[in-house]
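Novice: So the chains spell out like this:
Protein chains: 2
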Amino acid sequence: MSVTNLSSPRQEPSSQLATATPDPNWLRRGVSEIFPDQPDSSNPEENLEKLLKMTNRPLRIKFGIDPTGAEIHLGHSIPVRKLRAFQDAGHKAVLLIGDFTARIGDPTGRSEVRRQLSAAEVAENAKNYLDQVRPILDFAPDKLEVRYNSEWLSKLDLTKILELLSTMTVGQMLAKEGFAERYEKENPIYIHEFLYPLVQGYDSVALEADVELGGTDQKFNIAVGRDLQRHFGQKPQFGVLLPILIGTDGNQKMSKSLGNQVGLLEEPLLMYSKLEKTPDHLLKDYFELLTNLPLDGLPETPRDRQKLLALEVVSQYHGKEAAQNAQKAAMSLVQGNTADTSAVPEFSLSQIKFPAKLFYIVSASGLCPTSSEARRQVQGGAVKLDGDRLNQVDLIFNSPDELDGKVLQVGKNKFVKLVNGNG
Amino acid sequence: MSVTNLSSPRQEPSSQLATATPDPNWLRRGVSEIFPDQPDSSNPEENLEKLLKMTNRPLRIKFGIDPTGAEIHLGHSIPVRKLRAFQDAGHKAVLLIGDFTARIGDPTGRSEVRRQLSAAEVAENAKNYLDQVRPILDFAPDKLEVRYNSEWLSKLDLTKILELLSTMTVGQMLAKEGFAERYEKENPIYIHEFLYPLVQGYDSVALEADVELGGTDQKFNIAVGRDLQRHFGQKPQFGVLLPILIGTDGNQKMSKSLGNQVGLLEEPLLMYSKLEKTPDHLLKDYFELLTNLPLDGLPETPRDRQKLLALEVVSQYHGKEAAQNAQKAAMSLVQGNTADTSAVPEFSLSQIKFPAKLFYIVSASGLCPTSSEARRQVQGGAVKLDGDRLNQVDLIFNSPDELDGKVLQVGKNKFVKLVNGNG
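Chains as they are written, first to last, in numbering that gives the first Met the number 0: chain A, 0 to 422; chain B, 0 to 422.
So here's chain A without its partners, still in its complex pose (with noise of 0.2 Å):
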C-alpha cells in the first residue's frame, strides 16, 4: 500500500537519523522493555536481537496511532523515532491508523478518548499526523507502509468475533492494568471495552507485525497480540516498549494540557528556547530518547549539553541552518539584544484595530491564550517589547508604525516579530 504524497511546506530537515553513524545499541537505546527477552536463551526464536541478525527479510515493524487529530510533541516522537531506527536498520515501518474504532468512537458516548469521527475528519487528522512525523520517518515507499484498520476489522462478523472473544479469559481481562483497579473500585467497566485489547491484537494479525512498538502502558495489548498471532498460526510478534516522555517542567508526562510540552510544529525559536532551559536530571534522558548523538562524547558542563541538545533536536525538525539561527537569536533575546529577529516568528499588525491598547495586542499575537492573562503577565513585569520592559496593562498604541518591526516577548521564551503588513 502506498502513502499519500504529502507535500512539506517546510524546509526539508537534515535530520541527524539520516546521516549520524548507526549505533551499534540502536536497538536497546532508550527502550524500557524488550518482550520476550532471554538473552542467554540459545532459542532465537525469544530474541530479537538474535532474529534481526538471522533474518534474510525486512522486518514488519508495527506501529499504531489513533487518527485523533491531536498535535504531536516530542513525547510522542519517540516510539516514532525508533520505527525510523529500524527503517535504517533495513526493516519496514508499518504506520496503523486506527481508523475504523475512531468512527465508531465509543458506544456508550461515556469516553472523552473514542469520540467518534467522520470518515473525513480520520483522513485529514491521518494526513496531519504524516505532515507532523515527516522529519522523523524515511517515507520511501519501500520503506513505509500506511494502512487503515477499517480494511479488516469492517469485515469481521459475529463468527471471527467470537473466536477472538474466545481466546480470552474474563480473569485474564480483568487482571489488565485500569481493569483491575476499576472492577476493585466498582467503576463500571463496559463489556465492548474488553473488545479492543482483542481489535488491537487483532491488527497485528492482519498485518502479520514481526515486532510492535508502543507505550509501556501498551504491554497487555501487544501480548494480546501475540497471543492472538499464535491462535491464527502466526510468529508471535516482539513488544519493544518505550519510556513517557518526562516535560520541560522536570516532573510531569509531557503533555500539552500541563503547558510543558515541546510541539513537533513549533517554530524554530520557540523549541529551542524551551530545550535550551531543560532541567539538568533530565538531559541525560532527553539526548538518549531525542537524539541519535553518542552519549559517552557530550560536552561537560549542563550549559553546554542544554545548547547542544536544543540545537540538535531543532536541526531535526526544521534543519541545521533554522536551529542556527534559532540558537543565535535565542542568545540575543535573552541578552535582551533584538537585533538579530530572522528566525523570530512574525505577526501581522494588519490584524490589529488601531488605536490598541498593549494588553489586547499580546493576546491578539497568540503570545498569551486569553485577553486575561495577557493582562496577568504584562501587570507581572514579564512582558517586553525589544527588550524594555512594558508593565502598564492599558498602554494605548495608535498606529502599526509604531510596532513595525519590534520584538514583543512574554517571558523567557515566547517571541513575535510584529510587522506592519500581511508578514
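Bear in mind the hints are in silico, worked out from the structure with no lab data behind them. C-beta: ideal position from N, C-alpha, C; glycine also. Among the clues, some could well be false.
Said to hold, decoys possible - With a straight-line Cα cutoff of 25 Å, these simulated PhoX-like cross-link-like pairs (lysine-lysine) come out: (1) A:Lys252 to A:Lys175; (2) B:Lys356 to B:Lys405; (3) A:Lys319 to A:Lys283; (4) B:Lys255 to A:Lys159; (5) B:Lys411 to B:Lys306; (6) B:Lys184 to A:Lys175; (7) B:Lys159 to A:Lys154; (8) A:Lys234 to A:Lys276; (9) B:Lys234 to B:Lys49; (10) B:Lys234 to B:Lys154; (11) B:Lys383 to A:Lys184; (12) B:Lys218 to B:Lys184; (13) A:Lys405 to A:Lys352; (14) B:Lys383 to B:Lys411; (15) B:Lys126 to B:Lys255; (16) B:Lys154 to A:Lys159; (17) B:Lys234 to B:Lys218; (18) A:Lys175 to B:Lys175; (19) B:Lys154 to A:Lys154; (20) A:Lys91 to A:Lys49; (21) A:Lys126 to A:Lys91; (22) B:Lys184 to A:Lys184; (23) A:Lys255 to A:Lys276.
What the hints assert, rightly or not - Which stretches of chain A does chain B cover? Using the computed rule of at least three CB atoms under 8 Å from a CB of chain B, they are: (24) 98-106; (25) 168-177; (26) 180-187.
Given the coordinates of chain A, assemble chain B onto it according to the supplied hints.
Specialist: What follows is chain B alone, placed relative to chain A:
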C-alpha cells in the same frame, strides 16, 4: 415466513388443547413468573394481562430452541404448550431456531452443549423438532412463524457488536447465575460467553417479540432482550417463565440421562405405562403443566387421577383411540394377561439370526440399550415372555416361530410384541 410442510407419520391426535373450553386463567396456569408484573399498577405497559385485553393485534410470542437434535420429552413440552395457549388466544407463535450459534459451536471446543453442527444437521434437527411438537402447536401459517437467527446474526458487524456489548457492564454480566459461581471459584469464563446472552437478546429485537417464553433459568437472558429492545427503541418484551418438570422418579428434573423421562415420540403403551405410575405428589403439577383439564374437577382417588392423566396425555400425542387401547393393554399386562396386545409396539424377528440367545433378543429388540444391561435384567428376573418369567441368560431359541406373536417384557413398562415378518 412460512413453515416447511412436514408430513406427520403419526395418527393425527385430537389434542385437548384444541377442543377444551379455554381456561379463563390460561395465562397464569402453571407459570413460575411473569415479568415485569405489577398487577396493582395502573400502568398497562407493565402488565401482560392488561396488554392482552387491550391489544387489537396478535402479539408475537417468541420461543427459542437450540437445534441440537435431542429427543423431546414432556419437560420440554411445557413452554411449547404455553405457546399453543397463546395461539389459541389469537396470538402468533414465533419459533426461533438458533442455527447460527449451533453452526459456530463453542470456539474453544470446551463446551459439550455448543457442539458445532453443519447446516444440514441444523435443518434435519429443526425438522425433527417440528415433527415432535406437531401434536402440540397449531401449524396454521397465520399462527406460526419459524425463523432462523442466522438471518440477522450473519449480518452483524463489529460496529453493531460493539454496540450490543456496550449496553452492559462486566459487573452486570458476572452477576448472572452460573457466571457468578464460576468467577467466585476462579473457574475460567471465556469472554465470548458474555456475547451469547446479548445475541439471544438481539434475537428478540430482530423478531420484535412482545413476549418471550422460557424456563426459569432463562430469566437473565430474557431480561437482556428487554434491555436491548429498549436500547433499539422497541417496547420491551414480557418474560413468561415456566417451571422445570420433575421426572417420573418423583425426585429429579426430567432428563433422558436419568431415565425418568417420557418422550413425545414414545409408543402409546410405553407412555401410558409410565404416566399411570406418576408419583402422588407430582399429580397436581402434571395435570396443571401437561393438560388443560380443570384442576378442581379431578377424580378422587390417586389411582383414578393417575389413569386420567395417562389417558389424557397419551391422547394429546397419539389420539384418543390409541390412548384408550393403550389403557386397555396396560391393564391386561399388569394383570399378567397378554391377550390384548393391539397397542403393544411390534418388533420384527426377521432382524435376528437364529438360533439366538435370550439376552441377545432382549437387547436387539430395543428393550435394553446394551447386551450387558439385557443380561443383568434377565438375571434379575425382570424379563417375561407372555407373562412367564425367564431368567436363563443363555436360553436358546432355534426359530422365530417359537416367539411369533408373543409379548416380550422388561420390568413393568417396557414391552414389544415379537412378530415373524417385517412388522
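Novice: For every hint, state whether the structure bears it out.
Specialist: Checked hints:
1. A:Lys252 to A:Lys175: Between Lys252 (chain A) and Lys175 (chain A) the Cα gap is close to 22 Å, so the pair holds against 25 Å.
2. B:Lys356 to B:Lys405: holds, 16 Å
3. A:Lys319 to A:Lys283: holds, 22 Å
4. B:Lys255 to A:Lys159: Given that 25 Å is the threshold and the Cα spacing comes to 34 Å, the pair is violated.
5. B:Lys411 to B:Lys306: holds, 16 Å
6. B:Lys184 to A:Lys175: Given pair Lys184 (chain B), Lys175 (chain A) holds - Cα atoms ~20 Å apart, limit 25 Å.
7. B:Lys159 to A:Lys154: Distance of about 12 Å is within 25 Å: holds.
8. A:Lys234 to A:Lys276: It is violated: about 46 Å lies between the C-alpha atoms, which goes past 25 Å.
9. B:Lys234 to B:Lys49: Holds, at about 15 Å.
10. B:Lys234 to B:Lys154: holds, 23 Å
11. B:Lys383 to A:Lys184: The hint is violated at about 69 Å.
12. B:Lys218 to B:Lys184: holds, 23 Å
13. A:Lys405 to A:Lys352: The hint holds at about 18 Å.
14. B:Lys383 to B:Lys411: Answer holds: Lys383 (chain B) to Lys411 (chain B) is near 10 Å, not above 25 Å.
15. B:Lys126 to B:Lys255: Measuring from Cα to Cα gives roughly 20 Å; hence the hint holds.
16. B:Lys154 to A:Lys159: holds, 12 Å
17. B:Lys234 to B:Lys218: Roughly 18 Å separates the two Cα atoms, so the pair holds.
18. A:Lys175 to B:Lys175: At roughly 22 Å apart (the allowed maximum being 25 Å), Lys175 (chain B) and Lys175 (chain A) satisfy the hint.
19. B:Lys154 to A:Lys154: holds, 10 Å
20. A:Lys91 to A:Lys49: Since the Cα atoms of Lys91 (chain A) and Lys49 (chain A) sit roughly 18 Å apart, the hinted pair holds (cutoff 25 Å).
21. A:Lys126 to A:Lys91: The given pair, whose Cα atoms are some 20 Å apart, holds under the 25 Å limit.
22. B:Lys184 to A:Lys184: holds, 21 Å
23. A:Lys255 to A:Lys276: The given pair, whose Cα atoms are some 18 Å apart, holds under the 25 Å limit.
24. 98-106: The restraint on the segment 98-106 of chain A holds, since 4 of its residues have a Cβ under 8 Å from chain B and three suffice.
25. 168-177: Result for this restraint: holds, n = 5.
26. 180-187: holds (count 3)
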